[in-house]
Amino acid sequence: MEIVLLSRLQFAMTVGFHFIFPPITIGLGWLILMMETLGWLKKDESYVRLAMFFARLFALTFAVGVASGIVMEFQFGMNWAEYSKFVGDIFGAPLAAEGVFAFFLESTFLGLYLFGRKKVSKGVHWFSALIVATGSTLSAFWILVANSWQQTPAGFVIRNNRAELTDFWAAVFNPSTLPRFFHTVDAALITGAFLVAGVGAYLIVKNKEPELGKKAVRLAVIFGLAVSLLELFPFGHESARQVAETQPAKFAALQGLYETKAQAPIALFAIPTYPPPKLKAAIEIPGVLSWLTFGNVHTPVTGIDAFAEDEVPPLFLTFVSYHNMVILGLFFIGIMSLAALQLWRKKLWENRFLLKLLVFSIPLPILACELGWIAAEVGRQPWIVYRLMRTAEGLSFTVPAGDVLFSFFLFGLIYLCLGGLYVFLLLLEIRRGPEPAKAKEAE
Amino acid sequence: MDLNIIWFLLIGILIAGYAILDGFDLGVGVLYLFARSEEERRVHLNAIGPVWDGNEVWLLTAGGALFAAFPIVYGTVFSAFYLAFVLLLVGLIFRAVSFEFRGKVESSLWKRVWDWAFGLGSLVPAILLGVAVGNILMGLPLDEQGHFTGSFLGLLNPFALLVGTLSLSLFLMHGALYMSLKTQGEVQERMALWAKGSWFAMILIFLGATSAAIFAAPHLFANASDHPSLWLVALLLLLAAVYIPVALGGSRFLRAFLSSAATIFFMVGLIGAGLFPRLVPSSTDLSYSLTLYNGSSSQATLGAMLIIALLGMPLVLAYTAFVYWIFKGKVAISEESY
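Residue numbers (my numbering), protein chains in the order written: chain A, 1 to 443; chain B, 444 to 781.
Just so you know, the hints here were simulated from the structure itself, not pulled from any lab data. Among the clues, some could well be false.
What follows is a set of in silico ranges between Cβ atoms, one per label pair, in the way DEER data are often shown [what the hints assert, rightly or not]:
#1 G123/A - A775/B: 44 to 54 angstroms
#2 P757/B - T37/A: 22 to 32 angstroms
#3 P757/B - W344/A: 47 to 57 angstroms
#4 K554/B - L416/A: 36 to 46 angstroms
#5 E549/B - L367/A: 46 to 56 angstroms
Simulated crosslink set (SDA-like; lysine to any residue; CA at most 20 angstroms straight-line) [as the list claims (entries may be wrong)]:
#6 K118/A - L754/B
#7 K208/A - L426/A
#8 K771/B - Q342/A
#9 K118/A - S777/B
#10 K118/A - F765/B
#11 K118/A - I769/B
#12 K356/A - E370/A
These numbers come from a predicted model, not from an experiment. For each residue, glycine too, the CB sits at the ideal point set by N, CA and C.
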């Protein structure tokens, strides 16, 4: 099998597997902090029991996240050595910063949070929960700085056959860093919210500590509604506008706009076909895309026809993943709104249908995250650094294709097993439920 | 003293830090394979449970720093060591998940599977890290453009394998000394025995490897003759290593452990002193070597990275020390334990 394709598939598989876990831990980390805070402020033991319960899910998730994460750090050098040499002057620094500022924080304080509750004061223990959430969010920041530089490179010059840093802050805060950071972290918060809401709903439906379940659902639904709305506007909107402005070929592929035109339509549904690029069975609303992107129906949006054939990303995958991500995002707003409404009308606990829907919705934000990433990274092709280096040029030329075939199957097999075990153990822990309340100590 | 030299030293410190901290985790993982009861196994897991993850981050940070400061070296070495690193990663993956997975199901088959995963997941990295170092010391076949022209099998040469056994015995000793701090009674006595035995093996292998290096990697000794002050590093290494059995003899376990940490530190120092100014010697022709000048990032990046390191690392050391202090003392199995 061809080595470029193999290396790309391996990277996609390893990073796709890895990215199941950080959104869960980032989102859950902040929600656990909220539970600990509520438990402390309200002197309510049940919030602490909830926090400890979700902490077990957190620890399980974090372990698989770390295990699959180490592979990523190594894989740049292993499979993409030419890329590493070309961009290392700029790309390496955020990765090192991720280690120094984020990984150390979250890993060190997680140990304290999980095992040190009885060894330190309430304040210090609460602080460790804060640092775990902060550390994991900082980690997202730095890796997004690196990935955003691939999308919208800035603060550099080409010298000595490579990209060399000229302006650190321009490279870090390149045009796409902040929109992508807010959009991705908010996606993680949505993931956490749906996990907590779904697990809480499960506790109610199965009548296993329903009072705890209600507290979890209440917290997660209010929080989940807020972050789901923000994800569409302004975060999703700003992300899309950034792509339209700085990566027009990607934007055209995402939107399925194959001809440059004013009053550009938004496609609600379509099946992209190729060649030539065409949308089949399209349901479109004219003008909306121009308006959303530029605020003016008459402003033309650049289509795929403006680009050479070898500068255009895979159209089908880009279009389909992006559109399904948006549909899921709208679903999240819908279900959280419904749940919030029922909560306000004090009718949520009797609505078994809605509660069960919350349970089954748990994995959907993870799917949305993966689809968003597929859209972002496939949409960036054929570039590994936008308009600077092609993916195929970034390979490790000294690694035999057979070695990559071996590693691809080995990692694939291991991740399949680990993934299956993770789901099995997660469900086991959820079924176990929260630890019973402590018997009251004699006064 | 320029930025490149500073970064040469900092990478060395990160590597030494990793070896000192995750070194005992890996050692404890290997010792785990010899644990005699369920309770003893849990003691091993919980001795390192709260700290192993933060310790492993030193590897990630060393790798990230290498990428940032010496990207040519990072790309060349990591792709050259492809299959070896795949095996290393598989080991680290299994070690990482074993902690969490093992205790979740009350089945002896389940626990046995994860016992092997944890033990082998510690043993394989302990050896492979040494094999990697051994190959770097000897030099890799690099051509004029600095491209690797060797093969995976070529990496499994006798010298590198010898250094692999050195790292294993070193981490085994270090892990046993850590366990002697965290345990008491009969287990502690056994750990002290392990420490003494592996110390002995470590010394023998070290002497053997150093002698072999005179023939396999003569370029490592050039600096010593030019700069006699480097003999100080060797002397400090000797003192630290020799003190370990002395401390053990008097049951001064903390001193023994700290000496072991110092031994690792000075061993890395000796490696650096021998390699300098090269990072990856070329076994094809020394002039093709990757050095800390031709393999590095721009001055702008080295400078920015230095600021990141100066801001971040003191904080890391401070809160790491804090967490170790919170978990000081003997292992006690409680309901939160693994």
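Hint check against the structure, violated hint numbers in rising order: 1, 4, 5, 6, 8, 12
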